[in-house]
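Chain A is fixed; fit chain B onto it per the hints.
Here is how the chains run, residue by residue.
There are 2 protein chains.
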Amino acid sequence: GGGMWAAGAARRAGLALAAAALGLALAAWRRRARPLREVLVFPSPPSCTEALLAEAAEPGAAARPCHCPLPHGDCPLSRLLRHLLTARRSLDICLFAFSSPQLGRAVRLLHRRGVRVRIVTDAQYMGLQGSQIGLLRQAGIQVRHDQESGYMHHKFAIVDGRMLITGSLNWTTQAIQNNRENVLVTEDVEYVKPFLDEFERIWEKYNPINYKFF
Amino acid sequence: GGGMWAAGAARRAGLALAAAALGLALAAWRRRARPLREVLVFPSPPSCTEALLAEAAEPGAAARPCHCPLPHGDCPLSRLLRHLLTARRSLDICLFAFSSPQLGRAVRLLHRRGVRVRIVTDAQYMGLQGSQIGLLRQAGIQVRHDQESGYMHHKFAIVDGRMLITGSLNWTTQAIQNNRENVLVTEDVEYVKPFLDEFERIWEKYNPINYKFF
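Chains as they are written, first to last, in the UniProt record's numbering: chain A, 1 to 214; chain B, 1 to 214.
Chain A on its own, in the form it takes in the complex (with noise of 0.2 Å):
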């Protein structure tokens, strides 16, 4: 009996701490399968993000739905914006070329809210008209650029530290809505720490006390 007992509660206590090990072990998995894993397909229908653009603004402001003709659902510029928004600490962007206004003011935005925000350009392409990198450096944004005869060609942003956005897509409006274009958005730090490295390293390699005047 006593004997019976003691086996009945040694197994329930087996089988306790096999369903504890099975329990972690699922936890950690879930934990690996959490984050953020996201393919955004360009080119994005013409669609309106004044709503998206003004509530980011003023959080807590009365959603006022935006009256004009163009479409107001999702869309992969939105979801591109959405992601961006998310930055609470730093936003670095490493871009060739940067001339769509809904993205511009979307960094001035953040930059407003206390976000620390770093862009690296392409020399070359900043210049041309239309290119956001004038306004945002207006609004007190740090930019750096390259000086070799390469393109720094890169297409990256990364969120706190913690988010990578990079693809095929500069950020313009031909870009956007006329190309046919990939952005992949990633948690994963296998992918976002050598994209961070990469940011750290270039944005030394182009510090202004760097620049060589021929």
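Derived from the structure by calculation, the hints contain no laboratory data. Any given hint might turn out to be false.
Note: identical chains are not told apart, hence a pair may lie in one copy or across any two.
Keeping only pairs whose Cα atoms sit at most 20 Å apart, straight-line, the calculated SDA-like set for lysine to any residue is [as the list claims (entries may be wrong)]:
| no. | residue 1 | residue 2 |
| --- | --- | --- |
| 1 | Lys212 | Asn178 |
| 2 | Lys205 | Val41 |
| 3 | Lys193 | Val41 |
| 4 | Lys193 | Arg34 |
| 5 | Lys193 | Arg37 |
| 6 | Lys193 | Arg79 |
| 7 | Lys193 | Pro43 |
| 8 | Lys193 | Pro35 |
| 9 | Lys205 | Pro45 |
| 10 | Lys205 | Pro194 |
| 11 | Lys193 | Arg105 |
| 12 | Lys193 | Glu38 |
| 13 | Lys193 | Gly161 |
| 14 | Lys205 | Gln177 |
| 15 | Lys193 | Ala16 |
| 16 | Lys205 | Ala123 |
Structure of chain B alone, referenced to chain A:
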């Protein structure tokens, strides 16, 4: 005595079960952790890929070390080539610009080996001097191109429907040797699948039976 023995056996069985559960969970976790995840950063220093391509053309042939003055070690370009050369069944390529002789040679080599190669490219770029597209078509490889006002600006390849190679890098010597570029290599199905879908969508869209002659 019998009770103690039974309790001990049950405890041992419980612990064995717990260990087995942990082992299974760990194996599952390691299988999840297994998929290739790599980031390549360019420019790639000039280096010789002759031995790599010769070995791939004649697997098992006696290795002929190359004696040219270039470095022969591993570099981002050689890693990109190695990943492509793992193709056994299919290689789907979607590239704005393709002019790198080494990458062109690797793709023709895979085609000769019986790998089903499909290429989608941009109509505006493919006719430019130095483009590999003509040589690839001459080799009997299927190539389709856009007929749109926007650019077909993707830069990705999918090996055996399993490995995605994507980033900012066009397959040109200029980009490989001079630009700051990134290439992300992944076997995570969450990333591979949307790119596979995009490839099939574009491949059908650019079917020559849909070409319009103005």
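Each hint, compared with the structure:
For the homomeric pair Lys212 and Asn178, the shortest alpha-carbon distance between copies (19 Å) is at most 20 Å, but the shortest distance inside one copy (38 Å) is not. For the identical chains of this complex, Lys205 and Val41 are inter-copy neighbours only, at 15 Å across copies versus 32 Å inside a copy, given an alpha-carbon limit of 20 Å. For a Cα distance limit of 20 Å, the shortest separation of Lys193 from Val41 across copies, 12 Å, qualifies, whereas the shortest one inside one copy, 24 Å, does not. In this assembly of identical chains, the alpha carbons of Lys193 and Arg34 lie at most 20 Å apart whether taken from the same copy (18 Å) or from different copies (18 Å).
Proximity of Lys193 to Arg37 under the C-alpha cut-off of 20 Å is found in both arrangements, the shortest distances being 15 Å within a copy and 12 Å between copies. Taking identical chains as interchangeable, the C-alpha atoms of Lys193 and Arg79 lie at most 20 Å apart only when they sit on different chains, with a minimum of 19 Å there against 23 Å within one chain. For the identical chains of this complex, Lys193 and Pro43 are inter-copy neighbours only, at 18 Å across copies versus 28 Å inside a copy, given an alpha-carbon limit of 20 Å. Taking the shortest alpha-carbon separations for Lys193 and Pro35, both the intra-copy value of 14 Å and the inter-copy value of 17 Å come in at or below 20 Å.
Proximity of Lys205 and Pro45 under a CA criterion of 20 Å is satisfied inter-copy only: 17 Å between copies versus 38 Å inside one chain copy. For a Cα distance limit of 20 Å, the shortest separation of Lys205 from Pro194 inside one copy, 16 Å, qualifies, whereas the shortest one across copies, 35 Å, does not. Proximity of Lys193 to Arg105 under the C-alpha cut-off of 20 Å is found in neither arrangement, the shortest distances being 27 Å within a copy and 32 Å between copies. Taking the shortest alpha-carbon separations for Lys193 and Glu38, both the intra-copy value of 18 Å and the inter-copy value of 11 Å come in at or below 20 Å.
In this homomeric assembly, Lys193 and Gly161 come within 20 Å of each other (Cα to Cα) only inside a single copy, at 8 Å, whereas the closest approach across copies is 26 Å. In this homomeric assembly, Lys205 and Gln177 come within 20 Å of each other (Cα to Cα) only across copies, at 18 Å, whereas the closest approach inside a single copy is 33 Å. With identical chains, the CA atoms of Lys193 and Ala16 are never at most 20 Å apart, being 39 Å at best within one copy and 39 Å at best between copies. In this homomeric assembly, Lys205 and Ala123 come within 20 Å of each other (Cα to Cα) only inside a single copy, at 14 Å, whereas the closest approach across copies is 36 Å.
Hint check: violations occur at hints 11, 15; the rest are consistent with the structure.
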